[in-house]
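Same order as they appear, the protein sequences are chains C and S. Position 85 of the first sequence, counting from 1, maps to 86 under this note's numbering, and the rest follow consecutively. Position 31 of the second sequence, counting from 1, maps to 34 under this note's numbering, and the rest follow consecutively.
Hints are not guaranteed to be accurate.
Sample of chain C residues lacking proximity to chain S, with all beta carbon distances greater than 12 Å (derived) [to be verified]: (1) Thr21; (2) Gln39; (3) Gln46; (4) Asp55; (5) Ser59; (6) Thr72; (7) Ser80; (8) Ser84; (9) Gly102.
Example chain C residues on the side facing chain S (calculated, C-beta under 10 Å, incomplete) [stated by the list, open to error]: (10) Glu43; (11) Leu45; (12) Phe90; (13) Lys103; (14) Leu104; (15) Gly107; (16) Gln108.
It is worth saying that the hints were derived from the structure and are not from the lab. Note that the Cβ used here is the ideal one computed from N, Cα and C, for glycine as well.
Below, each chain spelled out in residue letters.
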Amino acid sequence: GNSVTQMEGPVTLSEEAFLTINCTYTATGYPSLFWYVQYPGEGLQLLLKATKADDKGSNKGFEATYRKETTSFHLEKGSVQVSDSAVYFCALRSAGGTSYGKLTFGQGTILTVHP
Amino acid sequence: GAVVSQHPSRVICKSGTSVKIECRSLDFQATTMFWYRQFPKQSLMLMATSNEGSKATYEQGVEKDKFLINHASLTLSTLTVTSAHPEDSSFYICSAGSLAGGPGRQTQYFGPGTRLLVL
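Bound conformation, chain C alone:
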């Protein structure tokens, strides 16, 4: 079945530091890949997505590139801010089979950014 594995947190950084959160996946076919962010007490918000190999999703300074050869979709940001403190989820959406259309989430990575 499909699965998503994220680096374990929590991740603690100082403001303006470089961020990488690793994400690898297992899926059949050609899934779409997503990063969602969850701020304290809120639901999930879509941060960025990529739907095919070598696509780069980007939003609010965050980037992730769909790497089929390494089955990865690592999240990066060059300079984090305190307001980026949240939980980040990597997810995939299956392209077919019995899991068609469903999202499979990683375990989430807590990011805390200090001033």
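Given chain C's structure and the hints, the job is docking chain S onto it.
Only chain S this time, still in chain C's reference frame:
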């Protein structure tokens, strides 16, 4: 942008009672709604997928008779936790899929979640 609401945001109930959680898509029609459960410091686990006007499809291991899902309209789905017990305490999150693109390409918009505590 697409907005999904959930009500209530937080509920405390006694063991043995039933609790209903509403999920509404406020500015778009959602043919498909998803219900997730999130345990503390853990990921979201899909419980069921509901399509408007038809029976929900439950994931393996999810009790259909305990977690009743109704999707009566294109903007409303409800999850009822029947005869709740302390182990049902959790954070329940719904998402609504927009019509565009079909089930394999639709974007899911998430509600803010409902925290259930069963005493």
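**Study point:** Hint numbers not upheld by this structure, sorted from lowest to highest
**Key:** Numbers 2, 3 and 9 - these are the hints that the structure violates, sorted from lowest upward.
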